[in-house]
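Asker: Sequence order for the protein chains is A, B and C.
Sequential numbering from 0 applies to the first sequence in numbering that gives the first Met the number 0.
Sequential numbering from 0 applies to the second sequence in numbering that gives the first Met the number 0.
Sequential numbering from 0 applies to the third sequence in numbering that gives the first Met the number 0.
All the pointers check out, no bait thrown in.
Partial list, derived from the structure: chain A residues whose beta carbon lies under 10 Å from chain B:
| # | residue |
| --- | --- |
| 1 | S262 |
| 2 | S265 |
| 3 | P305 |
Just so you know, these hints were derived from the structure itself, not from any lab.
This structure is a prediction, so every number in the text was calculated from the model and none was measured.
Glycine included, C-beta positions come from ideal geometry on N, C-alpha and C.
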Amino acid sequence: MSANIRPSGVFDVRYEQDISLNRTRGDKLLSSGLFLLLLLLPLLTVQGPFGVNLLPQLWIGTIIRIAIFAIAVQGLNILIGYTGQISLGHAAFMAVGAYSSAIFVRELGMSFWVALPLAAVFTGVVGLIFGLPSLRVKGFYLAMASLAAQFIIPWLLRYPLEPLTNGSRPLEVPVPALFGISFAHENAMYYIIIPLAVFMMLAARNIIRTRVGRAFISIRDNDLAAELLGINVFAYKLQAFFLSALYAGVAGALMAFESNSISRDSFLLDRSVELLAMLVIGGAGYPLGPLFGVGFVNLLTQNVIPSLIPPLNDVLPRLLPFINPVNIFAALSPLLFGLALVIFLIAAPRGLAHRWEIFKISWKIRPYAN
Amino acid sequence: MRKLILLVVLLLVAVTPALAQEELPEFIQHSECAVDLTGQTVTIYHFGDISGSYAFITQPLLAGLTDAMAYFNARGGICGATIAADNRDTGGDQAQTQAHYDYYSTLDPKPAAILLYASGDAELLREQLAEDEILAMISAGSVAGLYGEDGMSNGWIYATNPLYADQIGSFCRYVGANAAQFPENPTIGYISWPGAFGEAAYTPETIAYCAAQGVTILESPEYFLPSATDISGNVLNLVDAGANILYTNSLASGPFMVAKTVVDLGLEEDVVLAGVNWALDTSVGLLSRTALGSDGLPAVNGIIGSLPFRWWTERAEPGIALINEQAAANARSLSAQNIAYLLGWGAVDTYIELYIQTVNRVGSLEAATGAETRATLDAMQYAPLGLYSIDYSGGAIRALPDNRIATMMFLNATGDGPATSGDDAMKVDLPDGTVAYIPILVPLTGFEAAPDLRPGGADVP
Amino acid sequence: MATLTSTFTQHRRMLTRAAALAAVVLLILWLAPILGGQRSYRLVQSLVTGLLVGGIYALIALGIVIINKASGVFNFAHGWLMLLGGLLFFSFFSTANVSPAAAVGLPLIAGAMVFSTNGWRSLAARRSLIGVGGVTLVGAALLLLPGNDWQFIRAIAGAVIGGVLVGMVVERFAIRPLIGQPLFAMVLMTLAASELLHGVTQLTWGSVEIPLQVFTGLPNLGIPAQIRFGEDLFERAVNIRADLLVAFLLALAAFAIFVAFFQFTSAGLSMRATAENQKLAQSVGLRVRTILAIAWAIAALLATAAGVLQGGASSLSLNMPFLALRAFPAVLLGGLESVGGALVGGIVIGLVQEMSNLLFPGTEAGTELAPYLVLMVVLVIRPDGLFGQKRIERI
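Turn these sequences into a full structure, and let the hints guide you.
Answerer: Set out below in structure tokens:
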């Protein structure tokens with residue numbers, strides 16, 4: 000593992016050094032510097048306080064979306080990447096988080112700051128319920144249980160809970176406020192979402208290094224052996240389900256309060272599949288995997304594919320004269336996305352984070368890297 | 000082999016100015032240009048579901064936009080400015096909608112107006128459009144999308160057809176006024192697709208208004224998935240509960256499945272079919288060729304619904320004549336000759352007038368922001384190609400009220416009227432090797448204002 | 000938590016049985032009065048419709064089971080295989096004159112794929128070349144049948160050749176490179192394959208909504224479009240849709256063929272052996288690659304059949320792939336590896352769906368809730384399904 004590899008000449012002499020996340024001063028500078036830089040970004044946009052147009056406003060929205068999805072995918076990573084349990088219903092848990100936080104605020108008059116953690120815990124409990132079949136089944140069968148969640152939860156939101164959720168119509172979500180400051184603008188929401196996302200990512204990374212996290216990994220690697228070692232497999236699996244759903248809940252709630260409106264349609268099966276794809280592309284079982292995956296998929300669907308479509312739309316009719324050109328435009332985005340996924344699964348099944356680790360190691364142990 | 004159809008791309012439009020300029024026909028009366036925009040470009044931003052459930056309708060819309068842009072660009076564009084298009088595919092996924100919207104709304108210069116399609120997209124983007132001051136045009140919408148959750152807040156989305164709620168209101172009013180044509184105790188069973196669009200016409204206000212017209216709407220609506228194999232359970236649930244009219248707020252295979260099931264169950268005599276303006280579409284008529292009623296005509300024969308615009312057959316209208324001529328010139332297939340193609344033309348013509356008026360007032364294309372464009376639209380009175388009349392009453396309303404009730408029939412063999420039986424119907428060979436009956440729409444009423452059925456609307460009892 | 004779970008594990012069997020019994024009793028107590036309040040013709044109609052719709056589900060479930068049986072992959076792309084197969088059928092059904100290039104090219108490529116399942120090199124063998132030539136000749140001859148009289152034979156030939164080709168291409172280029180990867184990579188690969196199939200479908204046929212006129216000929220054969228019965232018995236007539244009846248009978252026939260295939264043919268037996276243990280099968284000389292390819296080809300054929308039948312019963316549209324999602328509970332209910340289970344599972348899910356539609360009107364309970372509740376119950380009570388092999392690793 001790269002985590003144990005130091006640059007040449009750096010040694011741990013104290014326990015604190017051994018367990019610290021940032022092992023060298025360079026690491027520390029880099030990570031806190033990056034965080035500060037991230038916090039500065041909204042100030043550089045046209046809608047920021049200084050009104051300077053150094054950074055396109057689109058970036059802020061994009062970074063927010065990446066952060067929210069990274070939280071959700073990190074939840075999936077805890078479940079799939081570390082504990083080895085498949086979930087096809089992660090979007091449904093996001094819906095639980097989004098709707099419960101909105102309902103807490105709308106119906107119970109809670110403030111956003113109370114509703115967010117409450118909704119997260121509530122989503123965790125719902126996740127726990129759908130994790131119960133893991134008592135009896137595992138692997139693919141468990142994936143099917145989560146698929147059931149993906150249909151049962153939206154149904155519950157649509158019919159029995161309609162008075163609270165507005166059914167299939169969108170639910171308006173109030174703007175969060177703190178000490179009279181309204182977080183209506185995305186530049187303001189940015190300062191809620193980004194620190195929270197950074198915190199959640201670090202928390203996930205730390206959970207994995209604790210007793211719980213090691214138990215997760217042992218279950219993933221060999222559940223029978225884990226049980227023989229005295230690990231209560233079932234209890235730890237439930238904890239993984241709880242944590243995973245909690246992350247989804249936070250992401251869902253943030254999504255609701257960011258767009259100030261939630262719609263049941265944004266949490267259907269295709270969203271779950273997309274989250275799964277993000278995890279695999281980023282690298283399951285790596286703390287940074289979710290970030291890489293979300294970033295890459297975002298880049299792919301928002302930049303690469305739209306910019307490839309016009310030239311391909313021009314060239315393809317000439318290459319494939321038997322194809323009706325009107326079809327090409329619509330076909331390109333599923334084709335390119337599927338192709339990217341297939342290439343990743345075949346060429347880099349351990350994801351971008353794995354590549355990144357390899358790169359980091361070779362940098363650290365230079366000049367001995369090959 | 001039918002001629003290939005060209006699709007809209009930004010690049011494509013660059014060639015058109017080179018062609019010889021032609022004159023616009025007399026009947027298209029744009030405002031005089033006070034500013035010459037030659038050399039500039041006005042982009043129509045549009046995103047819609049091109050690869051998902053609604054693609055069947057969206058592709059003809061793109062065809063209409065393309066043909067209309069080519070036509071107008073060859074005739075001077077907007078005061079010399081070229082009309083271009085930027086289309087993006089959401090695949091019916093709201094996250095994609097959001098992402099594409101983020102892209103459009105942060106462009107520099109920011110678009111003044113965008114063209115929307117799905118009710119769900121409108122509901123999602125409503126607040127953001129207002130915040131970003133971008134005008135959106137949609138063909139028809141739900142209450143929540145146009146007027147917000149309380150139904151009283153005018154947003155930045157403008158529909159060119161009556162609200163779905165108002166359309167079912169028009170239908171109820173027609174039933175009330177023509178009770179003799181309908182079963183006794185007219186009772187509507189609402190059957191549709193689940194989702195923002197399918198459920199848009201089932202609201203407390205429409206139930207109350209219809210009740211006032213003597214028409215009951217059953218309390219439990221039935222929703223079926225577009226992929227359903229059989230919906231006889233849903234239909235029988237409604238019929239058992241007393242429905243003698245089935246109203247559907249769906250399109251393409253939706254009305255077709257309802258009609259087919261009614262025929263299958265032998266309920267043709269007992270049940271009247273009705274639906275939203277999309278239910279009276281060419282696509283529905285063409286789909287229905289696998290399900291023929293006992294008269295030998297497609298099962299959807301006689302479905303009643305809204306027709307808030309001029310239709311393909313009304314060729315006495317010069318605008319319709321022009322669209323017919325252009326569709327033929329561009330070799331558009333029968334299935335592309337539908338509502339969306341018409342509305343594509345209407346949208347382009349509206350854009351032209353909207354921009355001419357705005358630029359005349361503000362002096363340049365750069366100054367024509369969303370807010371200015373909206374001010375123009377609020378005050379504008381214009382009938383794009385005569386398809387429908389734009390008049391948002393100084394900004395008081397967000398959906399055009401003009402509506403009429405029509406029925407779908409099929410052309411007879413001699414081509415001079417509706418067929419009375421399958422033997423009498425005109426059948427044409429389609430390029431895919433099958434035979435189609437040609438659907439025609441027959442207006443049952445003239446244009447009149449649809450009831451205003453948003454929450455707190457003028458006509459809510 | 001720990002003590003709670005350990006008590007639970009100790010008395011697991013007893014506890015789950017008691018819970019299951021209580022649940023069943025409650026369910027009966029709850030449903031019986033609602034069921035009793037229904038009109039008789041509705042009950043019979045829902046049973047009939049459920050059974051027939053279940054036939055389509057069974058056909059879809061069978062395709063998923065076949066792949067799972069041979070290779071342990073649960074195929075999420077099955078719905079797109081259905082649509083693609085249905086569209087291939089449609090194209091050859093409605094085109095009176097197939098272009099010679101397509102008529103030769105399609106069977107040629109399909110033949111090359113079939114005879115190179117074990118590796119491209121095996122194409123060089125004389126036997127393979129003769130095989131490919133034969134397939135091409137026969138295929139081209141069938142596809143070039145002119146006019147509308149032969150449209151069914153032409154369409155079936157085109158759909159079979161095309162279906163086999165698609166199934167084998169997916170297996171060769173998407174599934175085979177992943178052998179040995181973790182389960183979720185496989186799941187994701189089938190999802191990626193469905194994106195690709197979506198793209199290919201849209202590229203070739205566009206945004207379609209095509210009424211497939213396969214059943215319009217039924218009245219000419221003396222089969223009425225609907226069969227009505229029980230007018231006097233049930234107060235109103237009960238209706239059987241002929242198109243769904245045909246689909247149901249085809250599902251039964253497919254079921255019979257596959258039971259025979261797995262019991263009596265060497266290919267079927269080796270497929271079962273491969274499913275049991277791939278390495279072992281390889282070591283006793285079975286050609287595992289060939290067997291996997293055959294499984295995918297068969298599954299694609301079943302998907303094609305389901306696509307054609309569903310296309311005839313409603314229409315060929317981009318929504319069709321979602322239908323396959325509703326067959327998943329059927330697969331699990333019957334047991335992941337059970338051919339018979341797929342049939343029973345499909346029918347049960349069809350019945351559950353129609354009965355819930357009847358009992359809970361206006362809630363979409365039939366399509367959106369009930370099948371997945373059944374799925375959850377199956378997972379908790381009997382995870383290996385009704386007829387599945389009892390080899391789920393207990394935890």
